[in-house]
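Heads up: the protein sequence lines correspond to chains A and B, in order.
The first sequence finishes on residue 629 if you use the numbering used here, and the numbering steps up by one all the way, no holes.
The second sequence finishes on residue 188 if you use the numbering used here, and the numbering steps up by one all the way, no holes.
Hints were generated in silico from the structure; no laboratory data involved.
Treat the hints loosely; a few may be bogus.
[What the hints assert, rightly or not] If you want the footprint, here are the derived chain A segments under chain B, 3+ residues with CB under 8 Å:
#1 191-204
#2 250-262
#3 333-346
#4 371-382
Cβ coordinates follow ideal geometry from the N, Cα and C atoms, glycine included.
Read off the chains here:
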Amino acid sequence: MKNLGEMLLRTEPFSEIVLGNTALARAMIESGTEVVTSYPGSPTPEIASALLSVPGEKRPFYFQFSTNEKVATEVACGASLNGHPSCVFFKSVGLNVAADSFVQLSLLELEGGLVAVLGDDPGANSSQNEQDNRHFARMAYIPVLEPSSPSEAYRYYLEAMALSRRQKMPVILRMTTHVCHGKEKVAFGAWKGGTVSTESRFDTSGGPMVPLTAAALEMKRRSLARLSLAGCEMDSPAFCEVRKGTDSSRGVITAGLPFRSLLDVLEDSDRTPDILKLGAVYPLPEKAVEEFLRTHGQVKVLEELDDVLEKDIKALAFDRGIRVSITGKTDDDDRIGEFTPDKVAEVLAKTWPDMVPLRGAKRQPSLAPRPPQMCPGCGHRSAFHAIRQALAKEDITVADIGCHTLGFLPPYEMGEVLLSMGHSTGTGAGLSLFNRSRKVVSFIGDSTFFHAGLPGVVNAVFNNHNLTLIVMENGTTAMTGHQDHPGAGRNANGPSEAIPVRGVLEGLGVKSIREVDAYSQAKLIELVKEAMAEEGFSVVIARHPCMLKYTREQQRNPDYVRKSVEVNQETCDRLHVCVESFGCPSFQRDEDGTVTVSRELCIGDGSCIQTCPVKAIGLRKENRGGETA
Amino acid sequence: MKRFDIYMSGVGGQGIGLLSEAVIRAADHAGLSVCGVDTHGLAQRGGMVESFVRIGGEVTTPLVRKGSAFLVLALERTEALRAAEAYAASGGVLLYFDTLWQPLDVRLGKADAVSAEDVEEACRRLNVRHMAEKRDLPDVRMQNVALLSRAAKEGLIPGVEMEHYRKALEDLLPGKVLAANLKVLEGQ
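Same shape as in the complex, but just chain B (with noise of 0.2 Å):
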């Protein structure tokens, strides 16, 4: 199959290291030849987080160029706009979790907080089709596997299905761990 990359970003906490984990290894499930690389170190503390992966295709290198990215997955709003302006490639789609969590400057009274319209208005600019995900979890750590859900149901990774992605989570979580995300992977 012709490659397919995937740009992954959110705030250091959010907990983006389970979500590109869980795309790698389900797409491993799904038999597909797959690399991908994240940010660790500084970034983590409450900083712009990044990861790449990409499926298919001879392996090159994990890192994605700019505005070539088939699927952008973002945790946070201001992120989303960030990555969709900067990765994701004309025709592709961004699918993020619609919480906020404001940047310094925001909070500092310097600048606006990005709205849900600014999103939407940059994915049509940029002809990138738009999705937006937003329920109540039991826990807000649980917000990656919420996104992981509506890109698996939504078959936003071709050739990656939902029993993949359980067999991933499998993979990574312990017993009631992984029971409360299946939940989460698997419900409404």
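Same shape as in the complex, but just chain A (with noise of 0.2 Å):
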């Protein structure tokens, strides 16, 4: 088998088939990037997988998995201060949860150099929206290189560095979930070694960093001036590809996926546009730009998500008094989804039909949707399951993000909101104001417990609020592959003080805590409705570790046995409480309304024998001996 870990301290140049995030791993090792933090998000985990891959003693960075996205970001800044060069890289919405710090980041005079990737989600494919983090780039004052390829990933990511170190300024490199999670053999460079600098360069001879006062108006004129010196080195071919097309009185602006995608549209078709592909899509590369809008009768801009180059080719257009036609988004439909070749035949048809192909018939698949939910043996259905039955039809239930989110749909329909990591205390809160009607309950998972949720619970208690919290701890970031968190006692490095719920709960005044496994759903049924009858702010702790990860560490056994459950057919009243209400889609039912149990997907795990009224659910003859199924 090749390693992952010995391939990326390859010191000679290779070629390798590789994720787009493996080989933004690879560039921060051959750009001597010497501190990388990160919280765990879709579609960036893999860069971490990548990086821990390599065998810590080997490791010629430091790597940490952050408390949250903010604190990542305070962590690389400030090793970036004391001259190490630092990358953070997180998901696209976390770039809300970093924002306070992150503004303040162009302000610095940053030693090392920083590079922020950030994995935006069109399409929202794994997010709570598909926001268009170029809109925090123009605020933040932070220039932004956008790879369409792993390949151009691997590249940019070491022109990011490179130009964030000469600048002393910090980058963006905005990737987008396909470019993320796109494959194909990437061209290495060489590697020459190295190991991280213990040298302490942190430097205020040119002033303390504080920008309050005037120095604030100082620093962000160095900022803006350091971003003019970024937007024209980057006003190069080296990010302004332009392609001939048949018909150079038009032309296409683009950048990022969305080129690839219109590459693949025009392949067949017999009038195709010039195009001018944007690596550098924030500051604007004007040279390049005025350039094609001069040569050019008609331009389109074909870009995902929001009209962020499109306001700025259009103000450049104006300003520089260029009489061209510019078309850009042409209804709210152009600003929805992911830019796939279909979608992106769609919107270039809008504006000129002719360029596109006509290809047969819209396929329309006639099944429903197959979405995600929580695997058999999941801590969360059992409780789930219970919670329902001690809850009122009234009463009010707030999701949070992680796995536990999966409850909203059917069959257990926990949770009518959601806003954001950490919300569901706060926004539990604010619903029960006034509401003497309806009791409201909010559920966090452990690690955005730690992540986000402490001020809702610190609010709570400091505002005498009236809900009740269950934390669905179940050791471990679940959603994203299985990260350790502040509560695993490990942390990307070895061993580390595991920070207990109950006591993170107690030390901030919780009076109120109930704990339970969440297996025990009699007894989680009985304290969900003790806490909630209670006045103020309550919480219980529903536990049962991740089963999903808990099986594959097992399956690792050679001693393991694949346990499952069966369904008494005798004693089966079809009542179908297992398939229908716990739902645990290891049950599969037959259009006589029998029900079985698929051996593929049960894991013996049990948590569904005391659904059954009827006691029809127990565990497999052989599995009862120990025998080998």
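Could you fit the two chains together into a complex? Lean on the hints.
This is the structure we're talking about:
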């Protein structure tokens, strides 16, 4: 088997088929990035998996998962101030959490350089929105490079880090989901080896970096000047590529993955436009764009999500008095969804139908979608099944972010509103104000509890709010691939102090705390009812380890025996509680109403056994004796 | 060569990642240009997962347009139907592993399960060659390699031979796991 960790440390140039995220990990090593921080979030966690595939003692970098994106940004910032080339990476909405510190970065002298890798998610594949983080770049005066493929991600990271170190300023590398997860053969350069420097280069000889009073304005002036310099450097053929088409009266300006989609759509077209592909998207490369505008009668700006380039390009044409017809977004649909080749064909056809070859009838699958769901054995399922029985129909449930969010789907329908990481206690508190008729229950997972959940809890205690918070504790950051969190007793580098959820709650002054294993459904129902009957803020911790993680670990053991339950067909009354209400995907329903258990799916956890009113579910006979299935 | 587009789908947890990575590496071992992309993240929790692989020709984007995959590989029957209807090109091939992981609406009694005949019927309508694979395996987690084995033996990907698939698995799997999977790949 090829070893990823060894590959990332090769000193001679080589080519390998890799994910965009893995290409970034190699770029970090080649560029001498010494400190890397993150909070896990799709589409970026595979950058961390790649970095962590290098054994600890061989890592020419330090890596940590921080408590949240803001802390991750601050740790990378501090390391950069001290002279370490640094990188912070996280998902799109992570930037909202980081923002308070992030918008200050450009004011500082970032001695070592700092590249922020943002994983934007057009199409909201695994996010609660599809926000366009180019807006943040404008607000924070930080330049943005945007690759369209894994090879470009590698090259642009090297360029971003070089620029950042030269100018001592932050640079954003804006990735999108299918650039992060795209796979292709990437040609890597040499790595001259290296280790993390122990020299402290933090230097305030130019004055303290404290943007207060008049200093804030001076620092802003320097920040703007650096942004202009960076803009000039990026206005070069390295980031502005022109491709000739067959109809040179028309041109498309585009960037990122939409550029690749456009090439695909135009493949079978007889009339193709010239294309200006921008790798630098903020500040706008004015020279390259101006020349393109002057040499084309009609220009289409093809960009995913918001009209950031379009507005800048139109302003440039106006300011320079260029006579050219510019079309960008034509309707709201053009701002929604990922610019896949199918989408780009639709968008382009609205402006230039003659350039988009007609294709056959639209394909519409006849089946209902298959949304993600909780895994067999998931403690959250057991908890939701029980909690639902403790609630009155009119009670309000507030979801937070994590695997437990999936409880909002049928059959549980637990969680009726969702904002962001850690919002549930705050939003629940607001819902409880002046509300005497409906009880409020909020949910939160343990990683999210540490990430952004604490201020809401403090506020609930501080302001005597009347609601129940249920902490769904599974011991890991499950949704993003089982990264350790502060309660796990391990970090990315080894053992660490496990911070107990209960201890934190007690320390914050929470008086009413109950704990139970999420598999003990009767007890959980009782505790939730008790907690909800109290006035004030109460917490129930429903704990069970992530069974996907647990089962995977068990399967590595050569003596592992896969267990499963079965339905006793003689006892079964076809009440369908298991398949319809408990809803473990292992239960399969025949057309005649018979329920069976899929041995491919069942892990034999047995959390379902208690749900059957006629006790028809039990472990398979051979599992009771411990025999191999 | 003209580009050969493949669309793959299944249910999160079935091992579509290994399947697509093996196809990509096999094509590379065969000396063909190749790129691809998988769905990650949320989708893995028992939801529908998909992968795209494009072999040969100029690499534009890894994403494949609807109705244009010459080969559709599916790890589950319901997803086979969905995949063929959305992505299979007329004149192309659907190969799927015939197991059923009932989607929620079937388990709730709100929809009928997809039958093997439903998939066959859709393929006839779409002018797609239909192939179902079903075999007993030492471990259900090897259904992905069983599907790969059938694709290899039927020569469904032009220019990619059994030895290339073998090399691909050698790149991806360690010791004993590799041996067990090679048995499934090359055995009956």
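The hints, checked one at a time:
Residues of the region 191-204 of chain A with a Cβ under 8 Å from some Cβ of chain B number 0, which does not satisfy the need for three, so the listed coverage is violated. Here's how the region 250-262 of chain A fares: 3 of its residues keep a CB closer than 8 Å to some CB of chain B, so the rule of at least three is met and the hint holds. For a cut-off of 8 Å, the count of residues in the region 333-346 of chain A with a CB near a CB of chain B stands at 4, and the three-residue condition holds. With 5 residues having a beta carbon nearer than 8 Å to a beta carbon of chain B, the region 371-382 of chain A meets the requirement of three or more and the stated coverage holds.
The structure is inconsistent with hint 1 alone, although it conforms to all the rest.
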